[in-house]
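Peer 1: Build the full structure now, drawing on both the sequences and the hints.
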Amino acid sequence: GGAVFAVLITAKGWAGMGSDLEAPQLAQALGHFRGLRTGSDVRGQVRAGDGPALAAGLDAVSMFCLGAGFVQWLRRRQGDGTDDLHTPLCVAVGRDPRVHGPGLLAAFAEGCASVGNTSLTDVGLATTPAMFEACVDTVGYFDRTVGPGPAHAGAAMVTASHLPAEWNGVKFFTPDGGLGSEDVRHICDLAAVTYTLLPSSATAEPSSTLGTTPTMLGTATTAPGAAATMPGAPPALPPHLRTDPGYLTQGYACVLRDRVLGGADLRGLRIVVNAGHGAAGFIAHDVLGPLRADVSASLFLEPDGRFPAHAPNPEDPDAVAATLEQVRVARADLGLIFDPDVDRSGLVLGAAGAGAPLAVTRNRLVALMSAVVLREYPGSVVVTDSVTSEGLTRYIERAGGVHVRAKKGYRTVIAEGQRIDADPALPACHLAMETSGHGAVKGNAWLDDGAYTALRIVRLAASEGGVAGLRALLGPLEEPLESVEVRLRVRPAQGQAEVARVCDRVAEAMARAAAGPVRRWEPDPVQPEGFRVRVR
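Numbering (this note's numbering), first residue to last: 1 to 536.
What the hints contain is simulated information worked out from the structure, not anything from laboratory work.
Glycine included, every Cβ here is placed at the ideal spot set by N, Cα and C.
It cannot be assumed that every hint is accurate.
Distance condition first, Cα-Cα at most 20 angstroms in a straight line; then the derived SDA-like pairs of lysine to any residue [said to hold, decoys possible]:
| no. | residue 1 | residue 2 |
| --- | --- | --- |
| 1 | K408 | V533 |
| 2 | K408 | L163 |
| 3 | K442 | E315 |
| 4 | K407 | E390 |
| 5 | K408 | S386 |
| 6 | K407 | G180 |
| 7 | K407 | R487 |
| 8 | K407 | V484 |
| 9 | K442 | P427 |
| 10 | K442 | D258 |
| 11 | K408 | D504 |
| 12 | K407 | V499 |
| 13 | K408 | E529 |
| 14 | K442 | A425 |
| 15 | K407 | T38 |
| 16 | K442 | L460 |
| 17 | K408 | E485 |
| 18 | K407 | A422 |
| 19 | K407 | D524 |
| 20 | K408 | R501 |
| 21 | K408 | S181 |
| 22 | K442 | G400 |
| 23 | K442 | P378 |
| 24 | K442 | A507 |
| 25 | K442 | D423 |
| 26 | K442 | L426 |
| 27 | K408 | E390 |
| 28 | K407 | S181 |
| 29 | K442 | G180 |
| 30 | K407 | T361 |
| 31 | K408 | G180 |
| 32 | K408 | A507 |
| 33 | K407 | D258 |
| 34 | K407 | E325 |
| 35 | K407 | P528 |
| 36 | K408 | D258 |
| 37 | K407 | Q527 |
Quick list of the computed label-pair ranges, beta carbon to beta carbon [as the list claims (entries may be wrong)]:
| no. | residue 1 | residue 2 | range |
| --- | --- | --- | --- |
| 38 | P517 | K407 | 43 to 53 angstroms |
| 39 | G35 | E508 | 27 to 37 angstroms |
| 40 | G35 | S463 | 42 to 52 angstroms |
Peer 2: Pasting the structure below:
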């Protein structure tokens, strides 16, 4: 029963769990949940649950187990290393607009509640950065229902970010920020243990038995998870769960208006918000509008988890083209493009009386954010991914900053920024940003936050005299004459090791070429990954 689960996890530290978790009866469950982990979050294609147990993908039972694993991990983290069920715990949950989001969220919440003495706040439609704010609650929006300390001990966002509509997943937070890869691995391992303790009816035929609420993990006689209804009838919610659908438009919108935009008067700025039918529509209605910006020409503000307008990705050519055209037609100053959970953004600058609107993505977006940060923190290090241009390096250096490249992967870039900033022998780092639009600022808790990026540039526009001022700031950025990115699909069977070997062979060939007759190739002195040459 529940006591067995508590003893199994409590009696062993994380280091001691490894061998037990490799036991034969757990092998299949471990393979399933570890296969869902993609770096620092969990993702999978959603299936209804009518196939074999632990089939590839994400279903209600998997979400239930992940919820239970998350709460067990939280209890160990905040306590004395044990799973003390006598201590009340409060967790916040939210989601993006995907059609299976409500059902998956309900299953996850049910798993959280099943551990015992856990209450939940369901904020409904949310953004990933808003779920971190739900933990720290800087504006005092939430009642402190569980005593002093953070508003919520943890938070989870049900989203698959920019992936297609048939995908979903979970991102995890504590008051210290987003969880790292190792923490998420621990949660997945706990989810696997949870799965092995469920009654057979919970795992054999999940689609026919979902919708009941167990009182304590291990005591249920029917399956966990209300998500069998996805999409369809509203799912049943577990006890000890309160709903707060106004959080995004009232509590979190206040954070963006007051702390990020500083209450700036945006009169005279015409801004196109392209929410892509994700969760970002509130930025037009509840953030920019109340500060007197004209947002009347905004696009795709209505949440629709099918994403019918274009792919839910601010880098998508159709998303950029639609925003460029709308900015041109509306004669707008700015266009803001967001992904469904608003942890990533792109921009468009208006024509400013001459020429055409300008897409601000990749090197241009990093340059503008560098301008924002270096005005406040002269001499700061700016960490980017490895594919940024030489022109961006010169731009940052002329602005008084130091440019450092790291391996691709936004979590890797942010971690490198944090590492540099923590080293007293190195200059402070206040910005870590990938060309994909993922960016984190030290003053924003190193949170990967597309709304923060976009709105700080809006604030800069308000202080610089509009779009003409932003274009002038970008003027010194030297643009490459040609830029091509090739992304190769890798078969899962090949694995990361084979990919690494291929990349090493390509790097060796390029190094030989640079040392041979191709005299115009100058190897870069710093090689964060692959092989980088400067062509003279």
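Peer 1: Now tell me, hint by hint, if it's right for this structure.
Peer 2: Here's how the hints hold up against the structure:
1. K408 with V533: 17 angstroms, holds
2. K408 with L163: The hint holds at about 18 angstroms.
3. K442 with E315: 24 angstroms, violated
4. K407 with E390: 16 angstroms, holds
5. K408 with S386: 6 angstroms, holds
6. K407 with G180: 16 angstroms, holds
7. K407 with R487: 16 angstroms, holds
8. K407 with V484: Holds - the C-alpha atoms of V484 and K407 are around 18 angstroms apart, at most 20 angstroms.
9. K442 with P427: 13 angstroms, holds
10. K442 with D258: Distance of about 18 angstroms is within 20 angstroms: holds.
11. K408 with D504: 16 angstroms, holds
12. K407 with V499: Holds, at about 15 angstroms.
13. K408 with E529: At roughly 8 angstroms apart (the allowed maximum being 20 angstroms), E529 and K408 satisfy the hint.
14. K442 with A425: 18 angstroms, holds
15. K407 with T38: Answer holds: K407 to T38 is near 17 angstroms, not above 20 angstroms.
16. K442 with L460: With Cα atoms ~18 angstroms apart, K442 and L460 stay inside 20 angstroms; holds.
17. K408 with E485: 13 angstroms, holds
18. K407 with A422: Within the cut-off at roughly 19 angstroms; holds.
19. K407 with D524: 15 angstroms, holds
20. K408 with R501: 17 angstroms, holds
21. K408 with S181: OK: K408 and S181 at ~15 angstroms, within 20 angstroms.
22. K442 with G400: 18 angstroms, holds
23. K442 with P378: 14 angstroms, holds
24. K442 with A507: Answer violated: K442 to A507 is near 34 angstroms, above 20 angstroms.
25. K442 with D423: 14 angstroms, holds
26. K442 with L426: 15 angstroms, holds
27. K408 with E390: Answer holds: K408 to E390 is near 16 angstroms, not above 20 angstroms.
28. K407 with S181: Roughly 16 angstroms between the alpha carbons, so the hint for K407 and S181 holds.
29. K442 with G180: 17 angstroms, holds
30. K407 with T361: Holds. K407 to T361 sits at ~19 angstroms (cutoff 20 angstroms).
31. K408 with G180: 16 angstroms, holds
32. K408 with A507: 16 angstroms, holds
33. K407 with D258: 34 angstroms, violated
34. K407 with E325: Status violated; Cα separation ~34 angstroms.
35. K407 with P528: Given that 20 angstroms is the threshold and the Cα spacing comes to 6 angstroms, the pair holds.
36. K408 with D258: 33 angstroms, violated
37. K407 with Q527: Answer holds: K407 to Q527 is near 9 angstroms, not above 20 angstroms.
38. P517 with K407: 43 to 53 angstroms: Given about 30 angstroms between the Cβ atoms, the range is violated.
39. G35 with E508: 27 to 37 angstroms: For G35 and E508 the Cβ distance comes to about 32 angstroms; the hint holds.
40. G35 with S463: 42 to 52 angstroms: Roughly 48 angstroms apart at Cβ, these two residues keep to the hinted range, so it holds.
Checked against the numbered hints above, the structure violates hints 3, 24, 33, 34, 36 and 38; every other hint is satisfied.
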